[in-house]
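> Sequence:
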Amino acid sequence: MLLVVLLITLCAFSSENQKDKSKLSDVKEFKQEKHEEVKIIDINGVPHFNLNRNTNYEKITDYCSHKIDEIPLTSLAMIKQNYSRIYDVNNENIELIKIIEVEDGYLLAFKQKQDIKGFKDRKFHKPYIKKIDFTGKELWHLTLTNVSEHLTIDLFKQLPNGNIIISFTGYEPVTLFMSSQKVQNKNNLTCISQQGEVLWKQSFIETCDSVIKHILVTEKDELLCVGVCDTLNPPKSGQDYHKDIVLSKIDNKGAIIKQRIFGGSNFDNVRSVDYSKQFGLLIEGMTESTNGDFKNRESSNMQKFIARLDSNLNSIWCKLSNNKNYYGEDILINDKYVYITKHIRENASSDRIGIIEKYNKNGDILSSVEINLQQKHLLNETLLPNGDFIITCSSGDMCELRIYNQLGIIKKSFSLKHSPRDIIVTTDGGFILKSTRNIKTLPQPLVISCIWYDTETTIEKYNNKYELEWRKSYDNYQDELGTDFVLPLPSGKVIVQ
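Residue 435 in our numbering is what sits at position 435 of the sequence shown, and the numbering runs on without skipping anything.
Hint data in this document are derived by calculation from the structure and do not stem from the laboratory. Certain hints may be false.
Claimed, not checked - Below, in silico cross-link-like pairs of lysine to any residue (SDA-like), each with a Cα-Cα straight-line distance of 20 Å or less:
(1) Lys98 / Lys465
(2) Lys319 / Ser289
(3) Lys465 / Gln406
(4) Lys137 / Gln194
(5) Lys440 / Lys186
(6) Lys186 / Gly196
(7) Lys249 / Gln259
(8) Lys80 / Gly162
(9) Lys258 / Asp221
(10) Lys277 / Leu383
(11) Lys465 / Asp397
All of these numbers come straight from a predicted model, not from anything done at the bench.
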């Protein structure tokens, strides 16, 4: 009913004010039952409305912000445009996607716009890689030949041996134009030397989801790729295919030395993974299978699991969860133990409980610690170099941050007025938190389905004693749509626009 009234009001307003091109004039307002005031306003002759939703925003005071080593984007030969996108300052067809900090500078991954004859109305891109020194001087650049529609760069990192691995996904133009079969994404892997030369390439065809959802690196610089694919069901099955977990091992020359399916003849999926030399590969996911790797299950209901495999992808053990209300699980590995963090809620009105389980190499649970959570969601789990780990639990802009030692005992806890989505571990043993908060709602056109907010980005750094070093909030787009580009780096430096 409210939406109908709003539509009628907007239509009436639009017809009466087409000739009025004033920048901003409040015309009508009314209140919803939930006491959210909706204002109809005119911006350049176009009707907008503002929900004036209460964000409970509270200003956070900066602390020792003069200590922050800020690096302007312009010093790296990049510029931000259209509130959100960042481009090479000399070429607006090259859009920045990822930055990683290396010993002698920065590695940048871009999407380079590519025009193809016969595909005038569609957008295609190539991956474009560039290395610059700390002053922004280009050391080398490389354009990969793969042309894709809907190109996404999923992974971009430097391996321990100094080589660079990039994983990207997209549709090939010939496949879309020529084929009458089901359009398929292609997962591409490319390894690049420190001098910018392509060492090897590998690719996989997607069937239901990404074959390369996770990439882990072994001590021999081999890649363990974990993802999902469609597997043919037995002839008597009611469905032709089912989703399975696919594991691929690629050597340091790009050859697939082993590939196997993990799961059974029903739905299986992977949620989180981790790897260490001591433990091998750990997979956390869910299954409905009662055979294959889950042959000991009696019920086909959905059940969570944790599995350990060696570096050759051979199964060692698999543990099934006994509580169907677990969610938000994640894996952390240090030198001696595996930690599984879980979030459990029996029903909507019950207390929210976080659980930290500690496993040994045999899959035995050595301890299980329950923690009462004041906030709704376990949001982030991060392992620190000394073996301690961080867990954040948040609701809106409120957050509990707890630091645990290797025994699962709290060393320090904080109550934050912002909810960090990113935790960057720094080389000095500390960490940086990054949050983006909504300040207030903004006027927006009726045709936009999401709510527009004026936002603020906050970063704060803690040292290796977990003491606050500095804090700063950024808001270059005051009273308008746009989010600041703020990128904390492992060195403690921060790239800003």
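> Would you mind marking each hint as holding or not holding in the structure?
Cross-check of the supplied hints:
1. In summary, the hint linking Lys98 to Lys465 is not supported, as the alpha carbons are separated by about 30 Å, beyond the 20 Å threshold.
2. Our distance criterion of 20 Å between C-alpha atoms is met by Lys319 and Ser289, whose separation comes to about 14 Å.
3. Straight-line distance between C-alpha atoms of Lys465 and Gln406 comes to about 16 Å, which keeps the hinted pair within the 20 Å bound.
4. As the CA atoms of Lys137 and Gln194 are separated by approximately 16 Å, the hinted pair is consistent with the 20 Å bound.
5. About 41 Å separates the Cα atoms of Lys440 and Lys186, which puts this hinted pair outside 20 Å; it is violated.
6. Under the criterion of a C-alpha separation no larger than 20 Å, the hint pairing Lys186 with Gly196 is inconsistent with the structure, at around 23 Å.
7. Between Lys249 and Gln259, the direct Cα distance comes to roughly 6 Å. Compliance with the 20 Å bound is thereby established for this hinted pair.
8. In summary, the hint linking Lys80 to Gly162 is not supported, as the alpha carbons are separated by about 29 Å, beyond the 20 Å threshold.
9. Restraint check for Lys258 and Asp221: the C-alpha separation of about 15 Å stays at or below 20 Å, so the hint holds.
10. For the suggested pair Lys277 and Leu383, the alpha carbons sit about 16 Å apart, so the restraint of at most 20 Å is met.
11. With a CA separation close to 25 Å, the supplied pair Lys465 and Asp397 exceeds the 20 Å bound.
In summary, the structure is inconsistent with hints 1, 5, 6, 8 and 11 from the numbered list given earlier, while agreeing with the others.
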